[in-house]
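**Student:** What follows is the residue order along each chain.
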Amino acid sequence: MTPLLEVRGIDKSFGPVKVLHDVGFGAYAGEVTALVGDNGAGKSTLVKCIGGIYPTDAGEILFDGRPVQIHTPRDAGELGIEIVYQDLALCDNLDIVQNMFLGRERRNGLLLDEDSMEELAEQTLSSLSVRTVKSIRQQVSSLSGGQRQTVAIAKAVLWNSKVVILDEPTAALGVAQTAQVLELVRRLADTGLAVVLISHNMNDVFAVSDRIAALYLGRMAAQVKTSDVTHAQVVELITAGRSGDLGLKNGVTP
Amino acid sequence: MSKLVKELPGEAIVAAAQAPSIGNSFRAYVQRVRGGDMGALPAVLGLVVLCVVFAVARPSFVTAINFANLFTQGAAITLIAMGLVFVLLLGEIDLSAGFASGVCAAVLAVTLTRLGLPWYVCAPAAVLTGVVIGIVLGTLVAKVGIPSFVVTLAAFLAFQGLVLVLVDEGTNISIRDEVIVAIANRNLPAWLGWALYAVCVAGFAAVQLLRARKRARRGLVADPLSLIAFRVGAVAVLAGLAVFVLNLERSRNAALVSLTGVPIVVPVILVLLVMWTIVLRRTAFGRHLYAVGGNTEAARRAGIPVDRIKIAAFVICSSMAAVGGIVAASRASSVDPNTGGSSVLLYAVGAAVIGGTSLFGGKGRVLDAVLGGAVVAVIENGMGLMGYGASVKYLVTGSVLLLAAGVDALARRRAAATGLR
Chain A
63 MTPLLEVRGI
73 DKSFGPVKVL
83 HDVGFGAYAG
93 EVTALVGDNG
103 AGKSTLVKCI
113 GGIYPTDAGE
123 ILFDGRPVQI
133 HTPRDAGELG
143 IEIVYQDLAL
153 CDNLDIVQNM
163 FLGRERRNGL
173 LLDEDSMEEL
183 AEQTLSSLSV
193 RTVKSIRQQV
203 SSLSGGQRQT
213 VAIAKAVLWN
223 SKVVILDEPT
233 AALGVAQTAQ
243 VLELVRRLAD
253 TGLAVVLISH
263 NMNDVFAVSD
273 RIAALYLGRM
283 AAQVKTSDVT
293 HAQVVELITA
303 GRSGDLGLKN
313 GVTP
Chain B
1307 MSKLVKELPG
1317 EAIVAAAQAP
1327 SIGNSFRAYV
1337 QRVRGGDMGA
1347 LPAVLGLVVL
1357 CVVFAVARPS
1367 FVTAINFANL
1377 FTQGAAITLI
1387 AMGLVFVLLL
1397 GEIDLSAGFA
1407 SGVCAAVLAV
1417 TLTRLGLPWY
1427 VCAPAAVLTG
1437 VVIGIVLGTL
1447 VAKVGIPSFV
1457 VTLAAFLAFQ
1467 GLVLVLVDEG
1477 TNISIRDEVI
1487 VAIANRNLPA
1497 WLGWALYAVC
1507 VAGFAAVQLL
1517 RARKRARRGL
1527 VADPLSLIAF
1537 RVGAVAVLAG
1547 LAVFVLNLER
1557 SRNAALVSLT
1567 GVPIVVPVIL
1577 VLLVMWTIVL
1587 RRTAFGRHLY
1597 AVGGNTEAAR
1607 RAGIPVDRIK
1617 IAAFVICSSM
1627 AAVGGIVAAS
1637 RASSVDPNTG
1647 GSSVLLYAVG
1657 AAVIGGTSLF
1667 GGKGRVLDAV
1677 LGGAVVAVIE
1687 NGMGLMGYGA
1697 SVKYLVTGSV
1707 LLLAAGVDAL
1717 ARRRAAATGL
1727 R
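Protein chains in written order, with the numbering used here: chain A, 63 to 316; chain B, 1307 to 1727.
Quick caveat, the hints were computed from the structure, so don't treat them as lab data. Don't take each hint at face value.
[As the list claims (entries may be wrong)] Calculated pairs, DSSO-like style, for lysine-lysine (alpha carbon to alpha carbon, straight line, at most 30 Å):
no.: 1; chain 1: A; residue 1: K224; chain 2: A; residue 2: K287
no.: 2; chain 1: A; residue 1: K196; chain 2: A; residue 2: K224
no.: 3; chain 1: A; residue 1: K80; chain 2: A; residue 2: K110
no.: 4; chain 1: A; residue 1: K287; chain 2: A; residue 2: K80
no.: 5; chain 1: B; residue 1: K1449; chain 2: A; residue 2: K110
no.: 6; chain 1: A; residue 1: K196; chain 2: B; residue 2: K1520
[Stated by the list, open to error] A short list of chain B residues far from chain A (calculated; beta carbon distances all over 10 Å):
no.: 7; residue: L1356
no.: 8; residue: A1363
no.: 9; residue: P1430
no.: 10; residue: V1442
no.: 11; residue: V1507
no.: 12; residue: L1554
no.: 13; residue: P1573
no.: 14; residue: I1584
no.: 15; residue: T1589
no.: 16; residue: H1594
no.: 17; residue: Y1596
no.: 18; residue: N1601
no.: 19; residue: R1607
no.: 20; residue: I1610
Glycine residues also receive a C-beta, built at the ideal position from the N, C-alpha and C atoms.
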């Protein structure tokens, strides 16, 4: 099986600081791939390289097996790669429908086609089995953290995306809301999307992921199936870059 | 998958959308108000209280002639405030709007009198001057990145000088062009007033009904007929009363000269109100304006050209100031260095804020400017009738502006506390 999204040999430096060393990474359709790593391991940088926000110094990105060039967020969007950032980029003073279509409004001549947008937003939310919002004409300011995360994810799904990358979607949520968002993440993968989940939380990672990719000091320590490893092994990969046979062989020092 | 995901405790999962009815709409409204989203409520309440106080203190306040005066008195400020709403929505401010209206009025006067051009050249020239001013201010704010407060404060001083240059260091240019003078000084014939009323009420009803029917047909939540009937009925009664009173004879000596009808500025304000409301509520541009005001970074990431939106808002603000300047020049039948000066700007900002537009950006409507403009006009008019001088007027209007801004800030805090913002 070839990954839907694959990066090979990515290098990235910010001035004298080399943040990513020869990183390879793959995300498969219908699976949740967890991207884990300690603070500063390069998770966000890797995602921003994929999303077209940072240019890479070396390496290639393959989409569906063929090499692609991603220079701007728009390029990523056109390929069907959507990133849900940690700060959700929602407008508090707009309602759910308005946020989901922000910047890509449907028009009827000069005027907005509110009704068809509302319909489509409703369909998208119900296809994700989201039933937690009272009305989709509710202002986002009145939503809870979990509901906001749901809206941000639904916004990413609305555009027939194929790869959805979620940057710490549960970091600021309570237990119940975390469960809701994780269920949604799982459902996204079940509908055939390739989902990349960046997370610090081992419980979340083991709850929903099919594969785990561990970054250690800018290097890909290991990509393994979730069912093949234990909590302890993943923690070792994150903190030391190796765990038994897994991980980086020739020791890396900070 | 673990158990954690399968069972969903906590937060209730509510599927049923609330059935729309007058009762539910009313309850939802009360909830919004208590949550800190008061909308136009302070302005409407303030208007009622002020009117009652002035009516009791000075019976002449409730005469037909004074009622008509309110419209022509408040028109220029209301028009400037309508433009200011666009800039305030972004969380920016335009302190130069008052003198921008003065500059545009001076351009109108100079082209009319010195150059002897017809009104249909001069009025567009004045508005065009507003557009140019807006482009300059907007570019300095959006592209150069100078805070709008500083840019427009500088423009406030500079435009004051520009007006003086245009009117030759302080002469008073009188305007005799019939059409320009008519805007704020003449009235529609009674039948035209009623025809306009019929068109407006019928149009309002048609828009509401059509939208509800279209939404119902697509299976979306639509406003119920009873609610629409209530809204249309309220508008019909209030507007009908206004047209009726304005059509009463208000001349002191009716045999000599008859004075009846809806002032011409009223349809001017109505047309602009409808136009800008459609732009804000029903176009992508309006949506993007709210988005930039609510969360600039989110707007940028959504691919919205933030800089262009900002410049456009300043252009709209300055060109509406030009329209306000034309009306002010019409009302005074002249332009002098004080046109658009003294308290005009603060009254206009006050009108927008009193009406419910937030100084923090992201919240506001064009209608706010009209409601707030009515409050400002009533205060100015009523205080004048009470015989208070300029000192008390300034003090009272300043306090009202402070009160409105305070209500805005407190409502925001309350909204934050109740999780509505």
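**Student:** Hint by hint, note whether the structure agrees.
**Tutor:** Consistency of the hints with the structure:
no.: 1; hint: A:K224 with A:K287; in the structure: holds (21 Å)
no.: 2; hint: A:K196 with A:K224; in the structure: holds (28 Å)
no.: 3; hint: A:K80 with A:K110; in the structure: holds (15 Å)
no.: 4; hint: A:K287 with A:K80; in the structure: holds (28 Å)
no.: 5; hint: B:K1449 with A:K110; in the structure: holds (26 Å)
no.: 6; hint: A:K196 with B:K1520; in the structure: holds (22 Å)
no.: 7; hint: L1356; in the structure: holds (29 Å)
no.: 8; hint: A1363; in the structure: holds (40 Å)
no.: 9; hint: P1430; in the structure: holds (23 Å)
no.: 10; hint: V1442; in the structure: holds (27 Å)
no.: 11; hint: V1507; in the structure: holds (22 Å)
no.: 12; hint: L1554; in the structure: holds (39 Å)
no.: 13; hint: P1573; in the structure: holds (23 Å)
no.: 14; hint: I1584; in the structure: violated (8 Å)
no.: 15; hint: T1589; in the structure: violated (6 Å)
no.: 16; hint: H1594; in the structure: violated (8 Å)
no.: 17; hint: Y1596; in the structure: violated (6 Å)
no.: 18; hint: N1601; in the structure: violated (4 Å)
no.: 19; hint: R1607; in the structure: violated (5 Å)
no.: 20; hint: I1610; in the structure: violated (5 Å)
Hints 14, 15, 16, 17, 18, 19, 20 from the earlier list are contradicted by this structure; the remaining hints agree with it.
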